[in-house]
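Protein chains in written order, with the numbering used here: chain A, 35 to 439; chain B, 35 to 439.
Treat the hints loosely; a few may be bogus.
Since the list gives no way to pick out one identical chain from another, each pair is judged satisfied if it fits inside one copy or across any two copies.
[Stated by the list, open to error] Straight-line Cα separation of at most 20 Å, SDA-like style, residue types lysine to any residue; simulated pairs: (1) LYS365 to GLU151; (2) LYS157 to GLY67; (3) LYS68 to THR337; (4) LYS66 to ASP208; (5) LYS225 to ASP208; (6) LYS68 to MET293; (7) LYS90 to ASP79; (8) LYS125 to ASP160; (9) LYS68 to ASP294; (10) LYS222 to GLU425; (11) LYS52 to ASP208; (12) LYS90 to PRO357; (13) LYS422 to PRO270; (14) LYS372 to PHE314; (15) LYS346 to THR396.
Read the hints as simulated data drawn from the structure, not as lab findings. In this text, all values refer to a predicted model and were calculated from it rather than measured experimentally.
2 protein chains.
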Amino acid sequence: MAIVVQKYGGSSVADADKIRNVACRIAASFKKGKKVVVVVSAMGDTTDDLIELANKINPNPMAREMDLLLSTGEIVSSTLLAMALHAMGFKAIALSGQQAGISTDSAFSRARITGVEPERIIKELDKGNIVIVAGFQGITPDNDIATLGRGGSDTTAVALAASLKAGVCEIYTDVEGVYTADPRLVPKARKLEVIGYEEMLEMANSGARVMHHRSVELGQVFDIPILVASSMVEKPGTIIRGGENMEQKNKVRGIAHDMDVAKITITGVPDRPGVAAAIFTPLAKAGISVDTIVQNAGANNITDLTFTIIKKDTPRAMKIIGPVAREIGAKECISDSKLGKVSIIGTGMQNTPGYAAKMFQTLFEQDINIQLITTSEIRITCIIAEDKVKEAVKALHKAFELHKG
Amino acid sequence: MAIVVQKYGGSSVADADKIRNVACRIAASFKKGKKVVVVVSAMGDTTDDLIELANKINPNPMAREMDLLLSTGEIVSSTLLAMALHAMGFKAIALSGQQAGISTDSAFSRARITGVEPERIIKELDKGNIVIVAGFQGITPDNDIATLGRGGSDTTAVALAASLKAGVCEIYTDVEGVYTADPRLVPKARKLEVIGYEEMLEMANSGARVMHHRSVELGQVFDIPILVASSMVEKPGTIIRGGENMEQKNKVRGIAHDMDVAKITITGVPDRPGVAAAIFTPLAKAGISVDTIVQNAGANNITDLTFTIIKKDTPRAMKIIGPVAREIGAKECISDSKLGKVSIIGTGMQNTPGYAAKMFQTLFEQDINIQLITTSEIRITCIIAEDKVKEAVKALHKAFELHKG
């Protein structure tokens, strides 16, 4: 009998009525003769509420205790969902991450799944149970609870699908799929039927919120097709998968954007070995994630070095970088927190010239100044002013004719 | 170094300020050079709120899922308490019941502790940590979470004290100790310095809410002295313990009362073997707990049988008993849900006549009708009208001169 793994996000289980609605959808899959494993996030704002409560008591709580605290959110929603299925006459059992056999490393708040021992899940499926697993969590080698960080429940779902050899991992969420651009910005944005793992990864890394990159990576490694679809309406979603059978007609597949970009530039940096390490090692130690790094080669062995971070890290990063800049003999540090980024993504762009030029021309026509440019094999990203992001996305969507499909 | 086990109830950790207050008290014990293990209940009304949420989704939730759900309440409060101690500069670690090594049987919602493996707690204490344990829960042989039912966190605390060979188990709560009677009913009620396990058990079974009988039983079995004291004010509480050194001057130690009593009488019951089993087996199967049973021997092998239950079980019990009564050829079933009970308790009463007579005389002088009488070696209980309980407690407290100490 085929196993299907479904994941429902926090907004899909935000209250008793929504939980009942999700239970109906799960029951429909079960009645089709499938063995159903469900991964569930914490209800609505539960996680944020718990974080707020913790911060009232300790503004800098220890990660181990924070993880143990936050793990309760998914246990609550998983038990309630099992109860809803019982009330409808179905056999169901709720399992914590530990009970579901999910092992992680000890990197609290951003743990990685190191293994899944699905024996308990299989035993419960064989008893005829629908198995509801608390997402976002696992157990460390020291028998502590660790959480997986942002997008953690998606990662749980894909890991379970891989270990259970499920045919597909279905991610039900508050959007209807993956769009060519954010439909709130571009009314003509089109839902994609299929997208490749690589393209989805670049979309996620470039600001598309629909899937976290780690779950897509995991899907790619284990070759698990991931369906992203709405938990509210019955409409076909988007399949994320590998293989040749991609829509290749339009070589740009989507436009991603991100409003949360700040830039720090260190000017007059002596161009000698060890300088980059001197700057980025203390940032990494402080847990500040650096996105783009650009170094402009200058004259006289002097260079300017620019990197981007998320906005809220700017004050902390400037505090760390100030003394370092003085030590290495740089001129000054300048920050700009009013930036955003816009990216065009598509495997079809590989080895095909003209896409970058068309992107820059389009932005130029909108009178949008490009501050930084970075590229990967299947992505071109421009850092621009935050208040220009919206019109940039619209203009690029039109220029690359993404509404046409 | 001496280990002390402390337990704080839900009202003591109901909000961030109260959690900080409890952290200060724990820190004070730690600074005296003790190794401190703390057991904590869920914050304020958390457990009731979770039950209400579950009932919205399923009016008759499965006990296994309910236990997994409710266990989160104590995990939340234990992590927050650890965070409060961190914020004050102390090393602390929060452990779930499973992490603390607490094993239970599989009787969900009313599980019994079957063993404690305190290795992790000892390891954390040796690292200099204050150890905060989520009360009320443990792990079954099937790796499921089970809760211990009413008074569960007290039981956790006493079990840990026993397994860690702690000198004392300190229960901090919203009352200042064990009183000769409920101070809300009898303003002259006196706090006892010491009370024996047996007396405390009879008090608890007779309606005194301060300690649940299971934790007292466990204290008696492992000979762990239990201190009951206020979590809010610094005042000596009451020590529950064994041994000879009891206050024996006044032979009645306390008056307990319980407003939650209903009575069912089956009249005209044929007095033959198997009748009691026919009546009480279906009640036990329905989970209805029967307190007092009285059978009045009658003429012609016909008898009246009366038993008491808690009020809310009355309709269900009548429904079960009706057909049984007809089957065994009894005359009729009558219920009365407006009853209460009052008890006098004291080991000093053993083998000393006159106490029962004095109790009955006192109630007679108040014009209170006694409906049923039951006794143990150290207790005499009268079932009376609910609206007479308050004046009965007052009159008995005065008659036995309990205010004099």
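Exercise for the section: Provide an ascending list of the numbers of those earlier hints which the structure does not satisfy. Expected result: Violated hints (numbers, rising): 1, 3, 4, 6, 9, 12, 13, 14, 15; every other hint is consistent with the structure.
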